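Each protein sequence line maps, in turn, to chains D and X. Basically the numbering used here = 1-based index in the first sequence + 2. Basically the numbering used here = 1-based index in the second sequence + 2.
Treat the hints as calculated values from the structure; they're not laboratory data. Take these hints with a grain of salt, some might be off.
When chains are identical, the list treats them as one kind, so a pair holds in a single copy or across two.
Computed list of lysine-lysine pairs in DSSO-like fashion (alpha-carbon distance at most 30 Å, straight line) [claimed, not checked]:
| id | residue 1 | residue 2 |
| --- | --- | --- |
| 1 | K612 | K366 |
| 2 | K630 | K58 |
| 3 | K252 | K398 |
| 4 | K350 | K398 |
| 5 | K212 | K405 |
| 6 | K97 | K667 |
| 7 | K586 | K630 |
| 8 | K539 | K148 |
Predicted, not measured: the structure shown is a model, and the values here were computed from it.
Protein chains: 2
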Amino acid sequence: MAVATTQTLEALCVNSIRFLAIDAVEKAKSGHPGLPMGAAPMAFVLWDQFMRFNPKNPDWFNRDRFVLSAGHGCMLQYALMYLTGYDSVTLDDIKSFRQWDSKTPGHPENFETPGVEVTTGPLGQGIANAVGLAMAEAHMAARFNKDDLELVDHYTYAILGDGCNMEGVSGEACSLAGHLGLGKLIAFYDDNHISIDGSTDISFTEDVSKRFEAYGWHVQHVADGNADLDGIAKAIEAAKAVTDKPSMIKVTTTIGYGSPNKNNTAGIHGSPLGGDEINLTRENLGWTYDSFQVPDDAMSHMRKAIERGSSNEAEWNELFAQYKTKYPEDAAEFERFVSRTLPADWDKALPTLTPEDKVMATRKHSQACLNALAPVLPELIGGSADLTHSNLTELKVSGSFQKGAYENRNLRFGVREHGMGAICNGIALHKSGLIPYGATFLVFTDYMRAAIRLSALAEVGAIWVMTHDSIALGEDGPTHQPVETIASLRAIPNLTVIRPADGNETAGAYKVAVENAVQNRPTLMAFSRQNVPNLAKSSIEGVAKGAYPVVDCEGTPDIILIGTGSEVGLCVEAAESLTSEGKKMRVVSMPSWELFEAQDAAYKESVLPKAVTKRLSVEAGISMGWCKFVGSEGDTLSVETFGASAPGGTCMEKYGFTVDNVVAKAKALMS
Amino acid sequence: MAVATTQTLEALCVNSIRFLAIDAVEKAKSGHPGLPMGAAPMAFVLWDQFMRFNPKNPDWFNRDRFVLSAGHGCMLQYALMYLTGYDSVTLDDIKSFRQWDSKTPGHPENFETPGVEVTTGPLGQGIANAVGLAMAEAHMAARFNKDDLELVDHYTYAILGDGCNMEGVSGEACSLAGHLGLGKLIAFYDDNHISIDGSTDISFTEDVSKRFEAYGWHVQHVADGNADLDGIAKAIEAAKAVTDKPSMIKVTTTIGYGSPNKNNTAGIHGSPLGGDEINLTRENLGWTYDSFQVPDDAMSHMRKAIERGSSNEAEWNELFAQYKTKYPEDAAEFERFVSRTLPADWDKALPTLTPEDKVMATRKHSQACLNALAPVLPELIGGSADLTHSNLTELKVSGSFQKGAYENRNLRFGVREHGMGAICNGIALHKSGLIPYGATFLVFTDYMRAAIRLSALAEVGAIWVMTHDSIALGEDGPTHQPVETIASLRAIPNLTVIRPADGNETAGAYKVAVENAVQNRPTLMAFSRQNVPNLAKSSIEGVAKGAYPVVDCEGTPDIILIGTGSEVGLCVEAAESLTSEGKKMRVVSMPSWELFEAQDAAYKESVLPKAVTKRLSVEAGISMGWCKFVGSEGDTLSVETFGASAPGGTCMEKYGFTVDNVVAKAKALMS
């Protein structure tokens with residue numbers, strides 16, 4: 003381990019990064035110093051020599067994107083942000099690392115700290131987000147660039163470690179990135195042979211470089227990532243020169259570099275060094291500065307990023323001014339995208355239906371809505387995890403997004419649900435105004451739940467299109483039939499879950515979803531495989547309120563039936579039957595719990611009056627949570643066990659979803 | 003496409019498989035004929051020439067294991083089971099494919115059809131299960147085999163397709179399999195270049211063989227998987243000869259082989275052929291038999307499996323008889339394992355604690371329980387997804403399960419939660435009596451939810467050990483802090499979820515988990531990162547009832563506080579405070595909803611009497627579903643938003659989890 007007597011400027015900068023991380027973690031008594039200490043050299047070279055960004059304007063459109071996929075190492079990123087002059091990370095913020103209300107939370111949060119692009123921490127997500135960011139860049143470039151004016155032109159850089167590389171989601175995304183030839187994606191693999199449990203010899207001995215070659219990436223190796231700054235720089239140049247493949251630079255480093263006793267151990271991954279070891283590290287690296295102190299030379303060097311960034315942004319603004327003059331329509335559209343301004347009357351494109359219209363599955367209504375919106379919302383881009391013709395998510399106005407055809411809007415994810423989720427998050431967080439949607443069977447949200455959760459946490463305007471939403475899907479059987487899935491998704495804070503009953507409600511759901519998207523909120527919609535009737539009183543407006551009556555009576559109802567999705571039709575039929583027997587019936591369609599809960603008390607009372615205690619919910623899923631709406635004197639018609647492989651109609655009948663049974667349960671309540 | 007004039011015996015057998023699949027799918031008007039038609043040759047060679055199994059005894063211990071990871075192609079497996087003489091799949095069962103109550107559901111279900119080892123359908127799960135099956139074989143062999151008597155000696159074969167290969171979970175498991183050198187795992191990659199959306203050119207162009215080489219597998223290629231039966235056989239022999247690496251045999255086939263118009267298309271993947279195309283396929287393949295008719299020659303050839311199997315099993319029984327004579331103790335232990343008989347008084351090893359015992363996090367209590375049980379339950383085997391020293395799941399009595407050390411019981415999964423889940427399912431379904439446990443942070447159950455769901459569906463006796471169970475984990479922040487996770491897991495049918503309050507409850511949870519395991523039911527336990535006190539009235543017995551009072555009063559309580567896990571202590575303190583103000587308090591600890599729901603009505607009434615309507619639940623998670631227990635006049639102290647990065651104590655306080663706040667909310671209810 004080198005002991006620097008007189009420190010080069012680079013060494014001063016690199017060690018500034020290291021010690022800010024060490025000191026912040028120490029003060030917080032919590033955090034991960036190992037990666038910042040080991041990856042400081044590569045990150046310094048990247049931020050100092052290659053990355054184009056404006057610390058004073060984290061939203062500059064054409065900035066390079068940086069993702070720390072190994073999010074636990076966030077002090078690396080915070081240190082760089084502070085050193086290069088971001089207003090969002092001051093020295094006080096560094097000192098408040100991992101404290102209540104600080105701008106420097108324990109893992110990077112884009113919704114908390116301007117300059118942080120995505121939220122990482124759960125391993126594998128960040129690199130997959132980075133694939134999405136690179137896809138967004140490629141698409142926007144293909145869409146807007148002109149031969150003489152390349153408006154969109156930036157790189158996506160990511161740092162990932164062994165942990166991310168073990169996670170399946172990263173393999174999914176990187177396989178797709180290789181297929182797509184995303185030439186402006188450059189990933190640094192922090193090859194330090196250590197994960198939480200110890201040496202990677204314990205469980206991770208694959209040939210990572212070979213795997214990435216198998217994916218079709220350009221792969222390089224920098225053998226001494228601790229000291230060979232030149233080698234790192236050359237590798238980045240070489241990576242940039244390869245324009246038809248993503249690049250992976252394996253950088254061999256020592257975790258916790260500089261710490262004499264704890265370097266290269268699992269212990270330094272996620273614990274403060276402790277006072278004694280910090281002193282030894284200072285000695286070892288020849289660091290004579292106080293804690294949180296940055297040598298002036300290093301600071302002024304790093305702060306040159308401000309001027310560079312300002313100048314880069316000014317150049318781009320000039321370029322955009324020319325673009326605006328020469329291509330006013332494209333410029334206007336570009337600005338409309340980025341400002342997240344929806345076109346006037348965009349929602350008028352959504353279909354409305356009546357009971358005379360053809361009976362159709364709501365997944366077909368979804369298809370109609372997507373295709374009605376696609377021409378008026380060119381920012382809509384997305385696809386299915388290899389279930390395009392089941393999810394019905396193809397945009398007919400466009401082709402497949404492929405190498406050499408990035409202008410297309412149909413994303414072909416392959417059987418990679420989790421990768422799809424994280425990629426969509428990345429596309430949204432590129433902040434070019436693209437509205438991504440990802441689709442699969444509802445039950446397979448289980449494969450991608452971590453990405454869906456992140457969409458809710460990280461303020462991602464994504465749309466999750468989920469079909470085949472109950473036992474009614476039939477023969478594919480219990481592994482494919484959701485029973486508990488909707489409930490489990492309703493559980494996620496900040497996620498709007500909508501289960502439309504028919505065509506109008508599907509249109510209403512898409513209206514909400516798009517409006518949510520431009521406000522950086524995700525929406526998940528669940529659609530049926532099987533046909534459902536178009537209800538007389540269903541409406542787009544009703545969906546926005548979350549629940550509304552579709553059948554009503556004079557005065558106070560004897561009972562309220564609350565249905566969702568395909569079961570609303572059942573309730574309507576049951577209500578007819580009971581009405582003919584003289585009962586006063588109300589049927590409430592409740593496409594979304596969250597939207598209903600957000601209404602004011604008066605509206606909620608009007609839909610579900612406290613005085614009416616006889617309430618029956620009807621939904622082909624578990625009853626969990628329904629007590630909130632049906633009350634202690636209400637009842638539920640639900641599915642509490644896994645499904646079965648049989649035709650859908652048989653399943654619904656065997657599980658009690660018949661008009662007769664709804665009538666019977668309603669009568670039991672009223673007796 | 004070859005037109006066979008006189009069919010060889012092999013061709014008769016292979017086409018029998020094909021046409022059974024074609025006919026069954028046609029009759030059901032639903033299903034996936036493409037893979038069975040394309041993979042019939044490789045499956046025939048495997049089942050006919052290599053696989054050791056007894057159709058008349060699907061439970062013969064030393065059978066080779068077969069997994070159809072591409073589970074949608076299950077008619078392939080059902081056809082082979084019928085042809086080789088399994089009692090569980092008769093011709094009537096074939097004809098009832100995908101019908102209510104049939105033994106031939108739309109995806110293979112081990113709990114439905116004896117002879118099916120695991121439940122597949124969701125892609126990627128099966129191959130990961132197969133890794134688990136192979137690990138179980140290796141462990142049992144290392145544990146029980148003697149130099150002169152190799153009791154445990156069988157292969158695990160799997161067929162997977164492009165879909166499974168795209169899924170991240172398969173990469174996780176295969177990377178681990180390569181690291182572990184599982185030489186008796188042989189996977190067939192049905193390389194047909196087609197997935198649901200069409201050609202793999204659309205999104206899956208990686209070099210799969212190279213990737214598997216990177217994982218450390220032995221890789222071969224059979225270029226003509228449609229006709230080169232010899233080549234397939236040679237490849238299997240070569241694979242078996244490689245004993246220190248798992249083997250992958252890429253077999254290039256044509257999906258829907260034999261169908262003149264639909265072969266090699268996505269359409270034949272998942273739809274019936276239709277009458278016309280069936281006729282053309284018959285012509286094409288020279289098939290003159292009726293639907294569901296199998297030529298006598300083929301049937302009698304295939305049925306030789308009965309005699310082979312019977313003979314193989316008899317040999318093994320003889321071997322076991324010798325083993326029993328020579329090594330009676332090992333034999334007794336082996337039989338105890340396989341019969342799932344727990345040792346007498348095993349549960350006496352579990353610790354019990356009093357309030358005088360050291361205050362500890364329940365994850366530390368979990369560690370104590372695991373290590374108390376490990377010596378008395380040698381069938382307990384498991385590990386963490388790279389969080390061993392956070393989950394505290396290391397068994398001190400054993401070493402790490404590694405190549406050359408398969409007798410060890412600590413499984414080192416690496417950062418591969420989903421792979422871990424599916425592997426544990428495979429270990430349990432090996433049916434050697436091993437009780438696997440898998441661990442990670444509770445929030446990362448999101449990464450492995452599909453495998454947890456399958457453990458509940460497929461009757462898997464697995465134990466899920468989840469730590470860091472609330473916002474109280476602190477600084478790692480919202481990406482790591484569960485809020486909705488427990489609720490989302492309670493939603494899964496057949497899964498017992500337990501959140502112990504202290505040491506006694508942790509012991510009680512483990513008692514339930516182990517008892518569940520030997521009854522093929524999964525259990526998930528959630529443990530705290532932070533210290534909790536040992537409660538005076540907590541008990542092992544109480545946990546088994548799901549909920550029980552830990553504080554009580556004379557007569558009817560004024561209010562009942564219901565807490566779980568770390569919040570029970572808070573309730574107890576609040577109750578003390580309110581008691582001193584003259585209130586009559588009951589505190590119910592509710593470690594498990596499912597266990598409580600399973601009690602009889604009298605018990606439930608005794609714990610939560612209908613007459614006591616003032617009830618407050620206290621749990622650092624969402625309130626969803628609590629209305630069931632607190633009723634419409636009750637209240638909840640919950641967390642409805644994501645967490646924050648700050649010290650755990652600060653988080654709990656900021657989110658309202660203080661004694662004062664519990665007291666305040668209780669008073670508000672009582673006023």
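Comparing the hints with the structure gives:
1. K612 / K366: Classified as neither; 37 Å inside a copy, 47 Å across copies.
2. K630 / K58: Close neither inside one copy (48 Å) nor across copies (52 Å); limit 30 Å.
3. K252 / K398: Neither: 41 Å inside a chain and 36 Å across chains, both beyond 30 Å.
4. K350 / K398: within (19 Å within a copy, 66 Å between copies)
5. K212 / K405: both (22 Å within a copy, 22 Å between copies)
6. K97 / K667: neither (61 Å within a copy, 36 Å between copies)
7. K586 / K630: This pair counts as both: shortest intra-copy Cα distance 23 Å, inter-copy 27 Å.
8. K539 / K148: Neither. Shortest intra-copy (49 Å) and inter-copy (75 Å) distances fail the 30 Å Cα cut-off.
Checked against the numbered hints above, the structure breaks hints 1, 2, 3, 6, 8 and satisfies the rest.
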